[in-house]
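2 protein chains.
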Amino acid sequence: MGAGTKVTVYGHVETVRRKGRIAFILLRTFDGEEQVTVKRGEVSDDLWSLVEELGREYFVRVEGTLVQSSIARLGREIMPERIEVIAPSKPTPIDLYGKVEAEWPTRLRYRYLDIRRPKVKAIFRIRSTLMNAAREFLRGEGFVELSFPIIIATATEGGAELFPVDYFGRKAFLAQSSQLYKQSAVAAFGRVFSIAPSFRAEKSRTRKHLTEFWQIDVEAALVSKRDLMDLQFRLVNHIVERILEENERDLEILGVKDLEPWDGYDVVSYDEALEILRRKGFEIEWGEDFGADEERALVSEFDRPFFIPEFPAAITAFYYMVDRRDPRIAHRIDMMGPGPYGVEWSSGGLREYEPARLRARMRELGLNPESFGWYLDMFEYGFPPHGGFGMGVERLMQTLLRLERIHEAALYPRTPDIVEP
Amino acid sequence: MGAGTKVTVYGHVETVRRKGRIAFILLRTFDGEEQVTVKRGEVSDDLWSLVEELGREYFVRVEGTLVQSSIARLGREIMPERIEVIAPSKPTPIDLYGKVEAEWPTRLRYRYLDIRRPKVKAIFRIRSTLMNAAREFLRGEGFVELSFPIIIATATEGGAELFPVDYFGRKAFLAQSSQLYKQSAVAAFGRVFSIAPSFRAEKSRTRKHLTEFWQIDVEAALVSKRDLMDLQFRLVNHIVERILEENERDLEILGVKDLEPWDGYDVVSYDEALEILRRKGFEIEWGEDFGADEERALVSEFDRPFFIPEFPAAITAFYYMVDRRDPRIAHRIDMMGPGPYGVEWSSGGLREYEPARLRARMRELGLNPESFGWYLDMFEYGFPPHGGFGMGVERLMQTLLRLERIHEAALYPRTPDIVEP
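Order-wise, the sequence lines are chains A and B.
Residue 283 in the working numbering sits at position 283 of the first sequence, with consecutive numbering throughout.
The working numbering runs 421 ahead of the 1-based position in the second sequence.
Do not take every clue at face value.
Derived CB-CB ranges, DEER-like [as the list claims (entries may be wrong)]:
| id | chain 1 | residue 1 | chain 2 | residue 2 | range |
| --- | --- | --- | --- | --- | --- |
| 1 | A | 63 | B | 735 | 49 to 55 angstroms |
| 2 | A | 42 | B | 696 | 54 to 60 angstroms |
| 3 | A | 376 | B | 778 | 54 to 60 angstroms |
| 4 | A | 260 | B | 733 | 33 to 39 angstroms |
No wet-lab data here; the hints were simulated from the structure.
Cβ atoms here follow ideal geometry from the backbone N, Cα and C, with glycine treated the same way.
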């Protein structure tokens, strides 16, 4: 908008400041903000008295002239000819304007108001960029976008963490990931992905768990572990580049100043990770998985993303490939976000595709191959070697935007205690 | 790939035809197909005897030279130097190669094999384009992509068609649409969308119902009914254009020859729709909604998309705006896909945003405003006028690709009877 232009602007009233014969209305528009400067005598008496009536969060329509201003904070102001109250507002139960945020539980209770705050909007404009950048990158790499079922019949990955659904009187579950289905699609399409909601009925009340989260689920035929690491690294860097291009102002609002693409990634063997942890005082034996404290200690050691490219087979899900020479090792790869806001971004790796080995592996882990039905059957029909990963959208957001809690990356977060609004 | 080039190709064996000292292997690759021509004497004895062992759906790696051929159906063939069986196959329980498809229930039972068929892959490569084109268009129109919750606490839209979820011992539901949540986001972002799974526990065993489907959910502040119709029309035409650009070969495989952008849309008032139906012999009174038969009769009358831009208020959900002058009418807009494969593509319209009117409307429809909690509360805080729509991805696919049943547009469809695989 140039100066001296006629404009019509819609927005919520943030503040009205009066100084004698002049009033300043700060409007929060959908995209940013505008200042409306009303001068008594230069506007109609009706307009001047309307200004007296305006309250915070009133939704108004302003017609006027946009002019440059060296005094106005925004460098511009609107001199109104007409202001119309489209929808008045009651006083809001939480402060939407102050620098001091309401307590998190209060913000959540009034989330439908909390999301009007510029900081929250900045987070979700960036999330929109992230989702799009991920798809753009994967499509560019020849991946076909598919939609896998959310309601599934069998609790293949261990029933304890699945939400049961009453499916016309039959017990079904919400999918934790599209793991089994995306594998099935690899034999047809070669390279597939989906970005979709996933569900985990875990009673973890931590800063990094959501019961409902979005996952970038990727699976590809004929890939090596190095391919999978490179692909994920380039995916994350592409996302960072797009955010820098499209969300400069949002990053400013959030005070994120040091986001930039990483110059590379590290590969830290499971044994090396153990060493780091022991050096930091953890008592951890070969064969154990990393808990929340271990993870936090590990990521704080790094300032760029890193991969742990293998795990003890005994603590690794059945669908991962076990090393052909060393059966203690499974080809699971975790990608870790670095630094104080670092978390595990993704889990993935190479999958077992030989039916006999898969059956043996299931039995080893105490699972009954018979119960896997179609999933086990499909490997009998010329199944290509493949691998993939599932990357958490909110996890990635937490690290990139330095969010105190992962819940801030979900518009309406779901935790064991919260299912409303 | 040029002729005379060294190539490495992976694929599934579709057929092996032997004619004396020559064998033709037709490979189905992830992207298309290749012919491998093996000449006894020109290849090693080992390679020739390997060909004898190859069976259908064997997954193989072929190294060789690609040459032009005027005889080969594909116009090219690969002269192999090396063939490696990566994964053998048992005989498949359904025919993946014949022109005659297996019966639909059988195809569904073996869906993990059925999706390897070129026709099925063509459908989902087009779906991938559709999803991307929809987002591209909406982002271009200034919409922010958001993710709304799937697990919701209250059965606001009428509990009968919701799937119950056991949420840590508390009863919750799967969202039918993001209706209430996308409305909440409009006050913050102005223009929002999501493409996400939705769930309807409807025991409809028809050719146009899925219990799990994907929906393009769009909501915008400050729109007119004409804006909403234009937006949807341009959205669909953009999708069609992208499919024509990116999926020429897939449309050929599916035999879809007449897909093209429409030159415009029609607007058919509810009263005009009644007239058309009565002319066709339906006994339908003012105030009734259209059933499956009426819908089919209506869409077959049109050869381009059309909108029904208002409905009797009594059969319209509470969140639609009722006309300020004629309270019998609500500003619900249905978008209908035309022709023999036509179905209702979307429902949408203008929403009620004045809290007092919304409360009165709820009571009129026999609903208790108290039970709406935060949803009703949010309208008290300067809520902008707004409207939107929810467009069914599979519905759109059904019409555009002339699919006999909507289930073919879902990789693993969910119906009242089917929840596996």
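Going down the list of hints, with the structure as the test:
1. A:63 with B:735: 49 to 55 angstroms: violated (38 angstroms)
2. A:42 with B:696: 54 to 60 angstroms: For residue 696 of chain B against residue 42 of chain A, whose Cβ atoms are near 56 angstroms apart, the range 54 to 60 angstroms holds.
3. A:376 with B:778: 54 to 60 angstroms: holds (57 angstroms)
4. A:260 with B:733: 33 to 39 angstroms: violated (57 angstroms)
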